[in-house]
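Counting in our numbering, the sequence shown runs from 1153 upward without gaps.
No lab work stands behind these hints, which were simulated from the structure alone. Note that CB positions come from ideal geometry on N, CA and C, so glycine has one too. Watch out, some of these pointers could steer you wrong.
Derived DSSO-like pairs (lysine-lysine); straight-line CA-CA distance at most 27 Å [said to hold, decoys possible]:
id, residue 1, residue 2
1, Lys1243, Lys1187
2, Lys1168, Lys1187
3, Lys1167, Lys1253
4, Lys1168, Lys1243
5, Lys1167, Lys1186
6, Lys1243, Lys1253
Now the in silico label distances, taken between C-beta atoms and shown as ranges [as the list claims (entries may be wrong)]:
id, residue 1, residue 2, range
7, Gly1221, Glu1176, 25 to 35 Å
8, Asp1220, Glu1241, 30 to 40 Å
9, Leu1219, Asn1254, 19 to 29 Å
10, Asp1238, Lys1168, 30 to 40 Å
11, Arg1170, Met1258, 18 to 28 Å
12, Cys1235, Leu1164, 12 to 22 Å
13, Asp1162, Cys1235, 16 to 26 Å
14, Val1239, Ala1215, 30 to 40 Å
15, Gly1198, Glu1224, 28 to 38 Å
16, Ala1215, Asp1238, 33 to 43 Å
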Amino acid sequence: MYDFISICSDRLYSKKIRTNQLDEYLVTILQFTKKRNLIYFKEIDGAVIRINGIPANSQGNYAFYSLDGIEEINLIEIAVPWCINDVLEQKITDLANAIAKNFSWMIDES
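Kindly produce the complete structure, drawing on both the sequences and the hints.
Laid out in structure tokens, this is it:
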């Protein structure tokens, strides 16, 4: 099972980035593997971390059958395994902070 860290563009989800911007950053800079459109994986300290780019409405809600064809997003979710140690938790927190800083977005604390 997973918990999630959400990184959003702003409180109203009004700012968006192009999917190629997310691809470039996650694949080239952070060395994630792109599984398919807007779905990325990386093993960190033996745990597989998944990141999804998501188009959300102004309340942060979303529903989709497929991320194929999506060209802009305003929400990024990091799937965090429930059973992690303090070291891995810190690495995932650092990852979330790096993503938020790169896009000038915010980590949703709610």
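Here's how the hints hold up against the structure:
1. Using a Cα cut-off of 27 Å, the hinted pair Lys1243 and Lys1187 holds, with the two alpha carbons roughly 21 Å apart.
2. Restraint check for Lys1168 and Lys1187: the C-alpha separation of about 22 Å stays at or below 27 Å, so the hint holds.
3. For the hint linking Lys1167 to Lys1253, the alpha-carbon distance of about 14 Å falls within 27 Å, and the restraint holds.
4. In summary, the hint linking Lys1168 to Lys1243 is supported, as the alpha carbons are separated by about 26 Å, within the 27 Å threshold.
5. Only pairs whose Cα atoms come within 27 Å are accepted, and Lys1167 paired with Lys1186 is accepted, the gap being roughly 23 Å.
6. Distance check on the hinted pair: Lys1243 and Lys1253 sit about 15 Å apart at the alpha-carbon level, within 27 Å; holds.
7. Under the hint 25 to 35 Å, the C-beta atoms of Gly1221 and Glu1176, about 19 Å apart, miss the expected range.
8. Asp1220 and Glu1241 have their C-beta atoms about 32 Å apart, which keeps the hinted 30 to 40 Å range intact.
9. For Leu1219 and Asn1254, the Cβ-Cβ distance of about 20 Å falls inside the hinted range of 19 to 29 Å, so the restraint holds.
10. At roughly 34 Å, the beta-carbon separation of Asp1238 and Lys1168 lies within the given 30 to 40 Å, and the hint holds.
11. Between Arg1170 and Met1258 the Cβ separation comes to about 19 Å, which falls inside the hinted range of 18 to 28 Å.
12. In this structure, Cys1235 and Leu1164 break the distance hint of 12 to 22 Å, their C-beta atoms being roughly 35 Å apart.
13. For the pair Asp1162 and Cys1235, the beta carbons lie near 32 Å from each other, so the given range of 16 to 26 Å is not met.
14. The given range of 30 to 40 Å is respected by Val1239 and Ala1215, whose C-beta atoms sit roughly 35 Å from each other.
15. At roughly 34 Å, the beta-carbon separation of Gly1198 and Glu1224 lies within the given 28 to 38 Å, and the hint holds.
16. Ala1215 and Asp1238 have their C-beta atoms about 35 Å apart, which keeps the hinted 33 to 43 Å range intact.
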